[in-house]
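Visitor: Both chains are given apart, each in its own frame, so use the hints to dock them into the complex.
Listed below, chain by chain, are the residues.
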Amino acid sequence: MSKKSTAARAVYVVDGSRTPFLKALGKPGDFRASDLAVGAGRPLLLRQPFGPEQLDEVILGCIAPGVDEANIARIVALRLGCGDKVPAWTVQRNCASGMQAVDSAALDISTGRANLVLAGGTEAMSHHPILLNQRMVAWLADWNRAKSFTARGRQLAALRPHHFQLIIALMRGLTDPLVGLSMGQTAEKLAWRFNIDRESMDRFALRSHQRLADAQDNGRLDEIEPIYNQAGQLFESDDGLRREGTLEKMAKLKPAFDRPVGRVTAGNSAQITDGAAMLLLASEEAVERHGLPVLGKVIDSHWSALDPSQMGLGPVHAMGQLLKRQKMQGEEIDYWEINEAFATQVLACQAAWQDKDYMQQEVGLDALPSPIPDDRLNVDGGAVGIGHPVGASGARLILHLLKTLQQNNAKRGIASLCIGGGQGGAMLLEAQS
Amino acid sequence: MNKHLQLETDSQGITWLHFDHAESAVNILSLEAMQELDETLDELEATLPKGLIILSDKKNGFIAGADVESFRSGMHRREAEEHIRRVHVLYNRVEALPFPTLCLIHGFCLGGGLELAFACDYRVTRDDESTRLAFPEVRLGIFPGYGGSVRSIERIGAFQAMKLMLSGRSINGRQAKKMGLVDQTVPQRQMRDTAISFIENQPVVRVASWSQRLLNSLPARHLLSPMFVKETAKHAKRDHYPAPYALIDHWKAHGGDRAAMLDSEATEVSRLLTGETSQNLIRVFFLQERMKSLGSHVQFKPQHLHVVGGGIMGGDIAAWCAMKGMRVTLQDREAKYLTQAMGRAHQLFKRKLRSKRLITAAMDRLIPDPKGYGVGQADVAIEAIFEDLETKQQLFQSLESQLKPEAIMATNTSSIPLEDIAEGLNNPQRLIGLHFFNPVAKMQLVEVVHGTQTDPALIDKGAAFVRRVDRLPLPVKSSPGFLVNRILMPYLLEAMSLIDEGVPAPAVDRAAVDFGMPMGPVELADAVGLDICLAVARKLAPLFDLTIPRKLEQLVVDKKLLGKKTGQGFYRYEKGRLQREKIDSQYQPPADLADRMIFRLLNESVACLREGVVEDADLLDAGVIFGTGYAPFRGGPMHTIYSGGLEQQHHQLEILEQRHGGKFHPDSGWTQLGEVLDVIIRRGRSRREKQDVRWGRKRKQ
Numbered sequence: 001m002s003k004k005s006t007a008a009r010a011v012y013v014v015d016g017s018r019t020p021f022l023k024a025l026g027k028p029g030d031f032r033a034s035d036l037a038v039g040a041g042r043p044l045l046l047r048q049p050f051g052p053e054q055l056d057e058v059i060l061g062c063i064a065p066g067v068d069e070a071n072i073a074r075i076v077a078l079r080l081g082c083g084d085k086v087p088a089w090t091v092q093r094n095c096a097s098g099m100q101a102v103d104s105a106a107l108d109i110s111t112g113r114a115n116l117v118l119a120g121g122t123e124a125m126s127h128h129p130i131l132l133n134q135r136m137v138a139w140l141a142d143w144n145r146a147k148s149f150t151a152r153g154r155q156l157a158a159l160r161p162h163h164f165q166l167i168i169a170l171m172r173g174l175t176d177p178l179v180g181l182s183m184g185q186t187a188e189k190l191a192w193r194f195n196i197d198r199e200s201m202d203r204f205a206l207r208s209h210q211r212l213a214d215a216q217d218n219g220r221l222d223e224i225e226p227i228y229n230q231a232g233q234l235f236e237s238d239d240g241l242r243r244e245g246t247l248e249k250m251a252k253l254k255p256a257f258d259r260p261v262g263r264v265t266a267g268n269s270a271q272i273t274d275g276a277a278m279l280l281l282a283s284e285e286a287v288e289r290h291g292l293p294v295l296g297k298v299i300d301s302h303w304s305a306l307d308p309s310q311m312g313l314g315p316v317h318a319m320g321q322l323l324k325r326q327k328m329q330g331e332e333i334d335y336w337e338i339n340e341a342f343a344t345q346v347l348a349c350q351a352a353w354q355d356k357d358y359m360q361q362e363v364g365l366d367a368l369p370s371p372i373p374d375d376r377l378n379v380d381g382g383a384v385g386i387g388h389p390v391g392a393s394g395a396r397l398i399l400h401l402l403k404t405l406q407q408n409n410a411k412r413g414i415a416s417l418c419i420g421g422g423q424g425g426a427m428l429l430e431a432q433s
Numbered sequence: 001m002n003k004h005l006q007l008e009t010d011s012q013g014i015t016w017l018h019f020d021h022a023e024s025a026v027n028i029l030s031l032e033a034m035q036e037l038d039e040t041l042d043e044l045e046a047t048l049p050k051g052l053i054i055l056s057d058k059k060n061g062f063i064a065g066a067d068v069e070s071f072r073s074g075m076h077r078r079e080a081e082e083h084i085r086r087v088h089v090l091y092n093r094v095e096a097l098p099f100p101t102l103c104l105i106h107g108f109c110l111g112g113g114l115e116l117a118f119a120c121d122y123r124v125t126r127d128d129e130s131t132r133l134a135f136p137e138v139r140l141g142i143f144p145g146y147g148g149s150v151r152s153i154e155r156i157g158a159f160q161a162m163k164l165m166l167s168g169r170s171i172n173g174r175q176a177k178k179m180g181l182v183d184q185t186v187p188q189r190q191m192r193d194t195a196i197s198f199i200e201n202q203p204v205v206r207v208a209s210w211s212q213r214l215l216n217s218l219p220a221r222h223l224l225s226p227m228f229v230k231e232t233a234k235h236a237k238r239d240h241y242p243a244p245y246a247l248i249d250h251w252k253a254h255g256g257d258r259a260a261m262l263d264s265e266a267t268e269v270s271r272l273l274t275g276e277t278s279q280n281l282i283r284v285f286f287l288q289e290r291m292k293s294l295g296s297h298v299q300f301k302p303q304h305l306h307v308v309g310g311g312i313m314g315g316d317i318a319a320w321c322a323m324k325g326m327r328v329t330l331q332d333r334e335a336k337y338l339t340q341a342m343g344r345a346h347q348l349f350k351r352k353l354r355s356k357r358l359i360t361a362a363m364d365r366l367i368p369d370p371k372g373y374g375v376g377q378a379d380v381a382i383e384a385i386f387e388d389l390e391t392k393q394q395l396f397q398s399l400e401s402q403l404k405p406e407a408i409m410a411t412n413t414s415s416i417p418l419e420d421i422a423e424g425l426n427n428p429q430r431l432i433g434l435h436f437f438n439p440v441a442k443m444q445l446v447e448v449v450h451g452t453q454t455d456p457a458l459i460d461k462g463a464a465f466v467r468r469v470d471r472l473p474l475p476v477k478s479s480p481g482f483l484v485n486r487i488l489m490p491y492l493l494e495a496m497s498l499i500d501e502g503v504p505a506p507a508v509d510r511a512a513v514d515f516g517m518p519m520g521p522v523e524l525a526d527a528v529g530l531d532i533c534l535a536v537a538r539k540l541a542p543l544f545d546l547t548i549p550r551k552l553e554q555l556v557v558d559k560k561l562l563g564k565k566t567g568q569g570f571y572r573y574e575k576g577r578l579q580r581e582k583i584d585s586q587y588q589p590p591a592d593l594a595d596r597m598i599f600r601l602l603n604e605s606v607a608c609l610r611e612g613v614v615e616d617a618d619l620l621d622a623g624v625i626f627g628t629g630y631a632p633f634r635g636g637p638m639h640t641i642y643s644g645g646l647e648q649q650h651h652q653l654e655i656l657e658q659r660h661g662g663k664f665h666p667d668s669g670w671t672q673l674g675e676v677l678d679v680i681i682r683r684g685r686s687r688r689e690k691q692d693v694r695w696g697r698k699r700k701q
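As you go down the protein sequences, you meet chains G and V in turn.
Just so you know, we're using my numbering here: the first sequence kicks off at 1 and counts up by one.
Just so you know, we're using my numbering here: the second sequence kicks off at 1 and counts up by one.
Be careful, since some hints might not be right.
Said to hold, decoys possible - Below, a list of computed lysine to aspartate or glutamate pairs in the EDC-like style, where the Cα atoms sit at most 16 Å apart:
id : chain 1 : residue 1 : chain 2 : residue 2
1  : V       : Lys551    : V       : Asp531
2  : G       : Lys403    : G       : Glu362
3  : V       : Lys371    : G       : Glu236
4  : V       : Lys356    : G       : Asp30
Rather than coming from a laboratory, the hints here were simulated on the basis of the structure.
One chain only, chain V, in its complex shape (with noise of 0.2 Å):
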């Protein structure tokens, strides 16, 4: 009796193998299931029925891809090598079954899930919005080496199948149609009967046309694959993300040979994935699904969302929300202050959505509301007016009498207390803090503000809301600047003191990119909007001790030049694009240029982990990796401190403050910081441990 796979046969002759992974919401390929796959294959080979049909019987989905806690720390890379040529002999032995198979698509079909269907002669997807196909695996900082490298390019041709590699793009039915990915994309009511036409019919199955076949020759490859690094490039440092380019040089040097290339894939996927990239970013994918789980045990699913305040991050909320599926009213004092907002939606929504049907079902679900009908019928109001106290309490009480209570009160402030904006409410317990990022759209991150007041049954349904959303949710205690714009001020505020000292814009922003940043400080800063970023840094000044850079100051108040929405900042900016100055050769920086930004971030995390602005120190690295973008290779702040070791990182803070002076004092957190890496580290081992046990059972066979 199988655990996670069940064998049928119809009528016709057909067999049906139905995925359905045992304690599991999703299909995954875990070490379990392809030992059962193993099983089934030796039944196949034996039985040999008129064809074989492999379908998921999860509703979201097929497969959800290989089971990537089984590629956490504690794998060595022997292991995973022989892991991988397991798989191979596998899947092969999917790919030479005598007799026509297919596989069924429906919902994601990620990874390793569409390696196997590669490995079959038939695709059929069902054509909706939710089948989505995709190779995120360099995401994860590898690549395809369930053997995806070598069939994608030989189905697809390898144009398209390294795109789609390099990429992670994921792709619906339609679109895996149109590039040769798929056989067929079929409404539901029609994929039974298509699939069990392909396994009558036998149709032949579909290679690359020699036209792509071409791509993969050995000039070919030469040709190509300067220019997707170039391509690639463009979005990551080879420093900083080794796996594209890895993938990049195995397909330049074993393209057209399937022995070599399968070959390659093992010693070098593994390679990549006990390697230190690929370990941060499948921690960062787990700080991930740890955020996204939070809330998800709260029974609360809001439906109408009231937004007061139709400026950029009201109204950008509001056309979010809409977009995700909420009805949403968006009000503000007079009819004329939401023009701006509903023509941003728009737009928004014309860039995501696309097909018209979907815009105008987001159109209609986002409601101008200038007198405020929507707040009865809200289930969770949010307030992004401008940062007055006055106001904000008056329109809370305002809020309060009108809304069911039930429903969640929220402010999107960033600078206000959220106890000062709760006097004078009748129930002060109501109001938490949703903190959104600009651009709405963009950023991934929400702060889900709770303080000394809040009932602390709201943060998780705040959190609850803010996955209804799409987005993630992390809950942070009212205290200035909350998490991320705390930590990120210093780090702003130092890059600007290095301009003041004299070091070029473009320095400072290159060391920070070179570190593995996004963007650089100072262009991030441009961005913001720099009297935005002075208002903050004034309000957080006092109470960290911060100092507040000349030329900001000179910028904001004296030159009236904000950044980059008046076309110039500490850059120049021409319609709209960043007017980026050379280096002078000559030039040397300080060698201790990307330190000193960093470490004032560190120093802060550090502090904020002290002060318990977060939970742990994994939800500080998470809120700052998507709320700042900070270098996800690294795994984030403290555990850059930490694979840095902690007493090195905290001897160079040391050696910075006797260069620099006060700002670098280490922060009293440091010396606890002893305690919590013990308790990271007896989890780490826990973890292995019950690694060890499957990867054992393995072994044993």
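So here's chain G without its partners, still in its complex pose (with noise of 0.2 Å):
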């Protein structure tokens, strides 16, 4: 039996792509925010049955889009030839921002203000900018204003070398900065607590790239369509992956964040990532106008919020909160997807996830939920392989997550993730039988 909605109208999945996930190489890689999304949804627009100006509307999920970019799902409709007619908005919620997307994508479709909405997330890391500090912009305000040369002399008399201290933005966000930890210290906070060890990480983040080689070598990433650069240059495939590694070698990697003693390395983390994914949504309405096939539906979701420094448990709190308004144990779910924005935080929310205490009094769920299978979870790999785009991480394990259901005729599946500034969500997703 169908689980039921909280929504009024059903919410449908109709089709989804995305780019491959390209690693970070410290430069600005080739493909804008924008260019990415575009990537994405040129194809998937493609094949449909209607053109791209019969859309209502689109939606996309992004944390930092570039300086050319403001309300860049604007941008991008308007790049996919939706035409002047087509609004568009951005939403942010940091890690989940493309989940946010499709959440809010299935809200107005629910309510029947939309029939047809183009939804995901997109994010370009590699493009995040490096600012110059407050009291250089001050000086640089001065020195406009300086006229005389004489002023201009004082002007420059002033210049300190900390004038010329950068920030580098993509560090400043991925800081939490109320209580002041990075984000791969909140998760060595995760380790401390639930007391998961080095191996445990390294082994988990080892099978994320195994699973991801599985999945690309036997054709089931199908929603990765190519992209060519501007020399022609073919993107085909997450290049994040690494084939040849082993435990001797994931050993060997220095902490990154609590330097020396701390467990979490650049092995065992999400990768920083330039990518994109794009879902279509749809009303039953739409469905039968424009006769559409189906992957599945958006059943409910939930936002819950948490201790900051404690962003890693995120999923624990927003899937026992979706859980217990579904009514369900967790023995329903067929597949889980939570994001791997560090290997340990996945294996903590595991750990809490079966811990009596932080389930009673930290989520506020009587009676423990079912485990969480380990061949259940990510079963194509996660973010420690494929990389983490924040902005389209949301949207990219929902279609992933749909699409195995899919593949496996399976009914259930949640798609969640922690979210830095302490929160997290969840999607509850059916497969259409």
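Guide: In structure tokens:
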């Protein structure tokens, strides 16, 4: 029996595409965030029986669009050929921005405001800017005001080395400004709290790569569409995958956040990556009108919040509340996707999920849900191997979970992410039988 | 009541002169319009408004120039000279108006239109892509004759003005502002207010700066003119294209003296205009106009093109069409076969569009589509895969089942009959050929091929598509080689057999270039690729009794030297640049060298006309000029035959046959040419009569 949706009208996921996720190599990559979203959206829209101008709206998640990409969703909509009359808006809920976009689209469809919505997420993390610090900005303002020769001389004399300290926006974005911890340090805190050792993390990370390799080799990632850079170079698959990785090699990596004694390394964390994922959502009316094939349904979703310094446990809260509302125990869920911000963070979620005290006191669930089996969790790998373009990952998880359900003739799945700043988001999906 | 020009005076006392030429899509300076301008000036000189603003009510532009139709054959030199002098008087009156005058320009402003703008005190253009200013006169074998050569130099200096007039190049509003050719370039919303502010404030009228004026002095003219001659010689030979050289001489002789310049304009331009080169170029202009109008009457507005085949041809067709605003999906078997095409497309966009915004938009329209999602959305699908009948048949069967019923199915084949490819289709009448030439971005012609099975209505739709992407459509019958390759091949092969006979390649090429070809046949073959030449030659040889030259087979089969792309063919190339060897000064080429090549081409043209490969001689000329670059100033092969005298040309061919054998045997079509000629003469006469009426009316006053 179908679980009851909270939605007034059913929300269908018709189809979806994503770009390959491309590892950031220090300098700006070949694609801006809007280029990536266009790269994923064009083939998706091309294979639909309706034109892009028939969409009711476009919603995109993106944390840091480029300076020329304010309200990036509108830019992408226009670049996709939706025409002047399709409105578009951009959402931001940190690491779950892509899921937020899908949730917002689902809400607009369920309330009857929209029938066809293009939703997803995009992020070009390699393009996140490097900024001048405030003192330098102030100095420049004074310099512009200084007109006379002597005034300018005085200004020049006031220049100090600290004026030239640059701010790397990406690093700032991955640091919680209120608790003062980097995301990696919040993961270290979870490892310490749930006693997760280095080897378990490395083992998990290795498995993530192996699963991704297996999914690539067996054609389970057909949602990826090829993209080409300006020189015509082709990108077809997630290039963060390390096929030759071993436990020994991983063990050699130095801790990246809590030096020298920490356990979280670059190898067992999500990769910094550029990518986009796009989904097409439709009401029943639109499905019938255009004769659309259906991938699955959005049943429900839930957002929770918790202590920012333990943000990695967000999925436990969101999934727990979601199951509670749906009066489910967990065994009804065939497949799970929990975003792998850090290997240890997913392991901590699994541990907390089975921790009676945590579930009762922190999540507010009386009975323990059934455990999340390893062989039903992130079956085709996760962000450790694929990468985590922050705005896009939520949409990728939803899309791939639906594909997994379809490939395995399974019914139901949950996609979930932890969110920097101390939140969690979870979405319950059903495959179309 | 005026027909073309309307005066309107606003509340501020400024008079607006609206130009909206009746019975014409564009504003042209017809004799009638000139006459009205003349009368309007009478009125303005009497009423003395606060200022005059001249503008066009046509959406597409300001003024496209003089009425070229009235310059076609039948005009005598004296008539032309009188006409020019009358316009001089007219524009001098505009210039002398005792109140501020301004031209408010949008869209194209060409030739005589630009000369009128120069006669005003101020010029304001709309700042957008559609605004183009140019002196295209040299392309018609003349130079600006309505005072343009005088005033452009006075306004923007000899150096810039001469470059504009010599090249015929068009510029946009911003470039024009930078040159000082216009006083201001503004967005549409500011045009009216800007124009009014010029009239109200009357800023100092712009003239060339003193340094620019210095370049107009006698010594500077003597220094500069050889430079201009040298630059011009790179593009056009003096024997073939006298106009730019005449312009340089005209300026060199009279540059500093306004009255002498105007006088020389009248005598020189009228001489050029009634000369053979200009008349031929004007004819080519109208042939081009005729091709442009093909397919214009059908309601077919294709938006989406699907191209199958990501090779050079397919990729370049896709890129070109995306650049011209179509949404294009480009398919090949796998994603990796599209890398070259996508890279080349970006290069093309960067070169042609320059602005980042436009490049991004073009790249967004060009969609790599290895899975073929675009087929179902396409209005036109073009196949450009390798030349294999069975593969093409299969491809079209699959395309037919996915395409919209009203979509055009086209093949870019150059060698397989359409009828064969259409076999096995449910609706074989849906298939046409759209034969682009390499390089797509340079070659304007596209052969729209119809087989016996093709629905005739599709020819027009095909032509409409070709116009949509700004190329020139030429409807041709599906017969081997169609028109262009078929006519080109005997000419190329003759060039190569001359090499077999021991004539050096540079001598062969020089003879062709001296005739007026843009590039020698040997160099052309190297550029196309000798393997492709040989493949086409082998296809056509048995059908048209052609002999394949020894050297060509040697190079391709034995030595694998395929021309420019491999660095060596008939010539050697270093970094893509041809290394031309000097011809021995003692060497005496055969006297009939050029004739042998050209007459093979002419003879094949006659055969094509006889077989009805194209509809008529005019289209044949147009096709060969725009498809091969055949000397435009000679007006095309059929025109070459007629203007050389049908009898003499036929006789010349017979002499060649006696000397060199059966390949010069006159095609049986020669005997029918007399009738064709009669038709042409009759048509020409009726046109002349029509003109006489117009000129006659002018003369009566």
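Visitor: Please go over all the hints and tell whether each is borne out by the structure.
Guide: For each hint, the structure was consulted:
1. V:Lys551 - V:Asp531: Judged against 16 Å, a Cα distance of about 12 Å means the pair holds.
2. G:Lys403 - G:Glu362: violated (33 Å)
3. V:Lys371 - G:Glu236: holds (13 Å)
4. V:Lys356 - G:Asp30: Answer holds: Lys356 of chain V to Asp30 of chain G is near 15 Å, not above 16 Å.
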